[in-house]
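Participant: Numbering-wise (the working numbering), the sequence shown opens with residue 591 and increments by one.
Since the hints were made in silico from the structure, they are not lab data. On a predicted model such as this, the values are computed, not experimentally measured, just so you know. Each residue gets a CB set at the ideal place from its N, CA and C atoms; glycine is no exception. Please note that the accuracy of each hint is not assured.
[Unchecked claim] Label pairs and their in silico Cβ distance ranges:
hint: 1; residue 1: 921; residue 2: 894; range: 39 to 49 Å
hint: 2; residue 1: 904; residue 2: 1061; range: 22 to 32 Å
hint: 3; residue 1: 1062; residue 2: 874; range: 51 to 61 Å
hint: 4; residue 1: 612; residue 2: 905; range: 28 to 38 Å
hint: 5; residue 1: 904; residue 2: 797; range: 24 to 34 Å
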Amino acid sequence: MVNQFPKLRPTPYQASIVGIFIFSLVIRFWNLGQFNELVFDEVYYAKFAGDYWLGNNFFPSHPPLSHYLIALAMGLGDFFPVNPDQVNDLTGAVRSTWSYRWLNALTGATIPLLLGAIAYLLTQRRLVTLLTMGLLALDGLFLVESRYALNNIYLVFFGLLGQALVLWYLRQGKLWQLILGGISLACAGSVKWNGFAFLLGVYLLWAIAWVKPFFNQGWITRERQANSLKPLDGDGQNNQDFLSRWLIISPLKFVLWLVLAPIITYSVIWIPHLLMNGEYASLAGFWRIQRETWQYHRRVGNSPDIHPYCSPWYSWLVMARPIAYFYQKSSRFGLVNDVHAMANPILLWFSTGAMGLLFGTVIWQKIRQFFFRGINPINVPLRGVTLYIAVNYAANLLPWLGVSRCTFFYHYLPAYGFSILALALILSTLLDSPQRSHGIIAWTVLTLVAIAFWYWSPIFLGLLLTPRGFSLRMLFPSWI
591 MVNQFPKLRP TPYQASIVGI FIFSLVIRFW NLGQFNELVF DEVYYAKFAG DYWLGNNFFP
651 SHPPLSHYLI ALAMGLGDFF PVNPDQVNDL TGAVRSTWSY RWLNALTGAT IPLLLGAIAY
711 LLTQRRLVTL LTMGLLALDG LFLVESRYAL NNIYLVFFGL LGQALVLWYL RQGKLWQLIL
771 GGISLACAGS VKWNGFAFLL GVYLLWAIAW VKPFFNQGWI TRERQANSLK PLDGDGQNNQ
831 DFLSRWLIIS PLKFVLWLVL APIITYSVIW IPHLLMNGEY ASLAGFWRIQ RETWQYHRRV
891 GNSPDIHPYC SPWYSWLVMA RPIAYFYQKS SRFGLVNDVH AMANPILLWF STGAMGLLFG
951 TVIWQKIRQF FFRGINPINV PLRGVTLYIA VNYAANLLPW LGVSRCTFFY HYLPAYGFSI
1011 LALALILSTL LDSPQRSHGI IAWTVLTLVA IAFWYWSPIF LGLLLTPRGF SLRMLFPSWI
């Protein structure tokens, strides 16, 4: 008898995506409940989430969305089997460490998928997509931030999700994609205010798209472009310029769904917290808590006396000062457990180099065309993915120049993701090159990244190390 239901066999591309996701899940959930105590800023965020369940009033130093999510994880986690050795009452009630960490781990495992989706929406190239996902899956900072009840991974999740939805709208033109994109971008800012940098990146790209035609053929050209544009086909065969796509977001849509919708979303997200903290349960209370939060961050100083792991924004580009989240001497043979919030060093250094190459290429292109060809640089079209990466990297990094308070390496997390995308783009170009030497370079970089992940994985996962093994992984004194 002929089988009327043929087996559905995944393509190598689909299998690779699933494999990367499973790998991301496994390394995040493996021994997740270890360290039966609050690790680093879990002393704030896990306790804040516990306060919601206990009905305690508290002042958050950030918007409350991540606190809600960790509290939700706690509530659902109470239904899961519990290891008696991984239970404590440090959040105000008896809970397992797994209960307030599992949602972070699940969320973090989706980050490679989201950045890969952005890579595909930008390039329609499977190789770039897989490289982006694979590189991010081999990073340490994203891994560490996913394994504890911290808030940075939620910020990146909502920021990338929002940008992916906006890019999807530019290809298909379905309004719900733009609406959900604006809401998701607001959620990123509802985790921490610096999450609004993802929305800033969208604003900048939209503004560039609408302003650029003024320097070409004026208002009439811009109007004709806007009226004649149609959304890109799903298969990406339309040859419209990247910036031209943004013109399908009319000023009215921009105001409604990328300005008003985020404002409303951000405000609504605060309501449960304000109601549970009665002194703020009013419109005046809403503005008061915004002001007090702003004043709190203004009062935080910037010196080793404030925190030993403060680091300026420019040091993040080379990871001069990663953060020790946990250090414990074991009673077994003098071994140590250490968790460092640090990137895969090889990946970070190559990613920073990729951003330098990207910016350098763009600047040199403009200089050469202006001085040697007599072309106005503003009329020179940039490759869409290059412009997207450059704008979003700058939007997530440069605002830190104006911040006077103590900042930390984990603040680089959003910008770092875009630098990984830049590296993936360059590596894909090398791999596609007919020159054998280019392929050798790309495979060498990928091999070094994989080896580095294996070598530093005990630091990412908190595995037991000898004191010498720990010292060998701390390449510089500033890393300790």
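Participant: Work down the list of hints and note, for each, if the structure agrees.
Facilitator: Structure-based check of all given hints:
1. At about 31 Å, the CB distance of residue 921 to residue 894 disagrees with the hint of 39 to 49 Å.
2. Under the hint 22 to 32 Å, the C-beta atoms of residue 904 and residue 1061, about 27 Å apart, fit the expected range.
3. Hint check: residue 1062 to residue 874, Cβ distance near 57 Å, so the stated range 51 to 61 Å holds.
4. The supplied range of 28 to 38 Å is met by residue 612 and residue 905, whose beta-carbon atoms lie about 35 Å from each other.
5. The hint said 24 to 34 Å for the Cβ distance between residue 904 and residue 797, and at roughly 26 Å that hint holds.
Going down the numbered hints, you'll see the structure goes against just number 1.
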